[in-house]
Amino acid sequence: MARKGVNTKVEAANNRKAGSKAEKEQQKKAELEAKEDAKWAKGAKKNDKKELEAEKKAAALAKKLEKKKLLEEEEKTLSKSKAPKPNYTRKLVFTTEKIPTKKSNIPTSLFEEEELKKKTKPILTEKDIEKHPERRFKNALKEFEGRELKNFRAQYPGLRLSQLKEIMYKEFQKSPDNPFNQANVFAYNTSLEEVNRKLNGELEPAEEAKDDKDEDEKGDDEVKKESGQATSSATTAGTSISKPASKKAGSSY
1 MARKGVNTKV EAANNRKAGS KAEKEQQKKA ELEAKEDAKW AKGAKKNDKK ELEAEKKAAA
61 LAKKLEKKKL LEEEEKTLSK SKAPKPNYTR KLVFTTEKIP TKKSNIPTSL FEEEELKKKT
121 KPILTEKDIE KHPERRFKNA LKEFEGRELK NFRAQYPGLR LSQLKEIMYK EFQKSPDNPF
181 NQANVFAYNT SLEEVNRKLN GELEPAEEAK DDKDEDEKGD DEVKKESGQA TSSATTAGTS
241 ISKPASKKAG SSY
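Counting from 1, one number per residue, gives the positions in the sequence shown under the UniProt record's numbering.
Don't take each hint at face value.
Here are the simulated lysine-lysine pairs, DSS-like style, with alpha carbons at most 25 Å apart [stated by the list, open to error]: (1) LYS138 / LYS170; (2) LYS24 / LYS35; (3) LYS42 / LYS21; (4) LYS29 / LYS49; (5) LYS150 / LYS174; (6) LYS28 / LYS17; (7) LYS39 / LYS49; (8) LYS138 / LYS165; (9) LYS69 / LYS80; (10) LYS57 / LYS46; (11) LYS24 / LYS9; (12) LYS56 / LYS35; (13) LYS174 / LYS142; (14) LYS57 / LYS76; (15) LYS28 / LYS49; (16) LYS150 / LYS165; (17) LYS69 / LYS56; (18) LYS56 / LYS46; (19) LYS21 / LYS35; (20) LYS29 / LYS17; (21) LYS80 / LYS67.
Source of the hints: derived by calculation from the structure; they are not laboratory data.
With the hints as constraints, model all of the structure from the sequences given.
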């Protein structure tokens, strides 16, 4: 039998199908390649940004270090050229003359100034001086008794109030609350200048003894005056009594 002939139309259609299929596959392949290329391009851009940032940071750090180094070098040069070294080759001149030294109360340091302030007591005024402590004695004793009565009752439970008051009075004689025991108490005739000199230790022992002697003499004079007044009053009283007696004696004769 003779072979049948090939249908040209069918063959052409098959060829077209195969060609279109190949084109589609090529398109898909091209699209995939384009996508991959885009991905790689993005990654490269990111890497480029990171590299640029790292380079910028490194450059800034290098600038800082360079500035710091320059400043240190400038400071070194300035410190070297600030002050010239002192010349120790000068001759020393010795003298045999004695330099007069005067004692002065001017402090040479802060420590001495503080010590001088501690030693020197503040200057008192007339208001600060107590010349009549006896005026405050009674009230001070009452305050002391009111404050210390409970303690003395606890110490001496079997004693009466009068006995406790006697004990408290003795204790009050030694108490700093006693006006006579306070530092600002002076004799009534002591001047303000003498008070401040005594407090600051400016009075010599001889001067203090002299002042005490003068005070004692003044006190003796006052006592003598008082005793003289008493004797004169007694004599006047005696004469006033004796006169009427003499009259009576004359009348009897």
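When you check the alpha-carbon spacing of LYS56 and LYS46, does it fall within 25 Å? 15 Å, holds
Holds or violated: LYS150 to LYS174, with C-alpha atoms at most 25 Å apart: 19 Å, holds
Would you check the hint for LYS42 and LYS21, treating anything up to 25 Å between C-alpha atoms as holding? 32 Å, violated
Run the distance test for LYS69 versus LYS56: straight-line Cα separation, threshold 25 Å. Since the Cα atoms of LYS69 and LYS56 sit roughly 20 Å apart, the hinted pair holds (cutoff 25 Å).
Hint consistency between LYS29 and LYS49 [alpha-carbon to alpha-carbon, up to 25 Å]: Violated. LYS29 to LYS49 sits at ~30 Å, over the 25 Å cutoff.
Pair hint LYS138 and LYS165, alpha-carbon separation not exceeding 25 Å: 13 Å, holds
Would the hint linking LYS39 and LYS49 be met if the CA-CA limit is 25 Å? 16 Å, holds
Starting from LYS69, check that the Cα of LYS80 is at most 25 Å away, please. 17 Å, holds
Between LYS174 and LYS142, is the straight-line Cα distance small enough, at 25 Å or below? 15 Å, holds
Regarding the pair LYS57 and LYS46, is the alpha-carbon distance no greater than 25 Å? 17 Å, holds
Would the pair LYS24 and LYS9 pass a check requiring their Cα atoms to be no farther apart than 25 Å? Given that 25 Å is the threshold and the Cα spacing comes to 23 Å, the pair holds.
Starting from LYS138, check that the Cα of LYS170 is at most 25 Å away, please. Holds. LYS138 to LYS170 sits at ~14 Å (cutoff 25 Å).
In this structure, the earlier hints numbered 3, 4, 12, 14 and 15 are contradicted, and the remaining ones agree with it.
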